[in-house]
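Asks: From first to last, the protein sequence lines are chains A and B. Going left to right, the first sequence walks through residues 1 to 285 as the working numbering numbers them. Going left to right, the second sequence walks through residues 286 to 530 as the working numbering numbers them.
By construction, these hints were calculated from the structure, which means they are not laboratory data.
Using C-beta positions, here's what the derived DEER-type ranges look like:
{"no.": "1", "chain 1": "A", "residue 1": "113", "chain 2": "B", "residue 2": "306", "range": "36 to 42 Å"}
{"no.": "2", "chain 1": "B", "residue 1": "454", "chain 2": "A", "residue 2": "173", "range": "19 to 25 Å"}
{"no.": "3", "chain 1": "B", "residue 1": "342", "chain 2": "A", "residue 2": "114", "range": "26 to 32 Å"}
{"no.": "4", "chain 1": "B", "residue 1": "382", "chain 2": "A", "residue 2": "261", "range": "32 to 38 Å"}
{"no.": "5", "chain 1": "A", "residue 1": "197", "chain 2": "B", "residue 2": "358", "range": "24 to 30 Å"}
{"no.": "6", "chain 1": "B", "residue 1": "339", "chain 2": "A", "residue 2": "113", "range": "16 to 22 Å"}
{"no.": "7", "chain 1": "B", "residue 1": "356", "chain 2": "A", "residue 2": "24", "range": "54 to 60 Å"}
So, partial list: chain A residues that the calculated Cβ filter (under 8 Å) puts toward chain B:
{"no.": "8", "residue": "174"}
{"no.": "9", "residue": "175"}
{"no.": "10", "residue": "176"}
{"no.": "11", "residue": "179"}
{"no.": "12", "residue": "181"}
{"no.": "13", "residue": "182"}
{"no.": "14", "residue": "183"}
{"no.": "15", "residue": "185"}
{"no.": "16", "residue": "186"}
{"no.": "17", "residue": "194"}
{"no.": "18", "residue": "197"}
{"no.": "19", "residue": "198"}
Note that beta-carbon positions come from the ideal geometry of N, C-alpha and C, so glycine has one too.
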Amino acid sequence: MSTPAEAAPLRRTLPRVTDRFALAGAVLIALIALAALLAPWIAPYPPDEVNPFDSLRAPDGAHWFGTDAAGRDVFSRVLYGGRTSLFIAVTVLAVSATAGVLLGVVAGYAGGWVRDVIMRVTDVFLAFPALLLSVALAVVLRPSVTTVIVAIAVTWWPWYARLSASMAASIATRPYVDAARCLGVPAHMIILRHVLPNSLTPVLVQVSLDAGGVILTAAALSYLGLGAQEPTAEWGLMVEQGQTLFTTNWWVVTFPGLAILLTAFAFNVLGEGLRNALDPRRIVT
Amino acid sequence: MIEVRDLRVSYGGRTVARVPELDVAPGECVAIVGESGSGKSTTLLSLLGLTEGAEVSGRIRVAGVDVTAASPAELRAIRGARVALVMQSPQAALSPTTRLGTLMRRALKLHRVGDAERVMTEAVRAVMLDPAILRRYPHEISGGQAQRFAIALAVALGAEAILADEPTSALDVTVQAEVAAVLRGLCAERGLALLLVSHDLALVSTIADRVLVMRDGEVVESGPAARVLAEPAHPYTRELLEALP
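Bound conformation, chain A alone (with noise of 0.2 Å):
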């Protein structure tokens, strides 16, 4: 065990590396968000306004991106689709992300029937593969934005319930844990002070290192004709639409499908750089 004051320097210099990672993963994001939530402004055209004498026309210095088949400016239906595929990723991590941490959290520190009973419940919606059942609930409720929200956040949660159960269960049997009971600290309050924020760290690198997959699974809902409708703009939508184009207009496809790309690496980049800099055994040498 090393003393505070061989471990200060340590902690100084160490994290400084691998949390440019996190870092530029961040900075990528905030640029795609910004893109994303300015669209209204920076968009040169509007994302639905179809022009069939400018259909399929190629990346010039008027269309950056080109045009699509209904000769709508592909540049601006992207930034329009980062709204509806952020939104989609966004909305689906924090449904899913704060039901199966809580149940996970409760389920890990009571232990016993509680957890058993919590546990098995999880691995019922484990049991099904998640784009299959988000395939099913797409087809049982009307495909929409919405829909595949629904559809992809009810797949989604059983994974957090796991790994924060998991994570929870451990921490039940450290000594704080223990010292808080000997203080008196009551079951719910020890489960939010300690329990909740101490497996939270491996939480967020998931929802980071998920984000991409979010997005991508979002996607292919939508490829698959079950998530967002014409003429909503949504990335996957749009490489739906234009990837029939691909030989003779490749500009169609290529661009929501390079957005697409991007957002899902900038996520990756970012929780691996979290992972990184959150390890535990970087802090307590």
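Chain B: place on chain A using the hints.
Replies: What follows is chain B alone, placed relative to chain A:
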């Protein structure tokens, strides 16, 4: 403060600790000594009703509460506020995401102690710590500081008794002496009852008034520390003493 009669703690029919009689008066320090697995820690935890899954029989009165008959809420009310537990690994006993001051403030609020800021500063000073430590996180302090903070928490909450489970075994020799001095001082000046569990006979000889020697869950010898350590009656006590460096 602490009054135990015919205590028996067993897990699934196997008795792990049997203590016929154990009393700790205010201002007194009693030590339970013995090697690992002799039932000392179990005895300590049973006093706060913290032996989960164990059958506990006998009479345990701590701070006027009958522990074996008390409800969970009654037990929570005495834990920390009237009887504090100081653990072996001081840093592991502090939640890594919480500042020391926040932790102490919450504990005071939980047990409805008013005038928190003044109480906190005084308690921290009482264990020879700088109040600036309240702004630190657990990984920013040393083991000795963490242990003294745990004792400060007991002081702040106005505990009348401290149960200490191997409070110095995870610390450096010089730091051990500091922590021992703080505990000794609290007994003498504030009249706290101290029940110490330790296998460190050097520590026991400096702070304990009375000693219970336990082996395999049984008390083999008890009496004033000076007598037991100078003229041990039981062969096991002599063995322990001979093992001293």
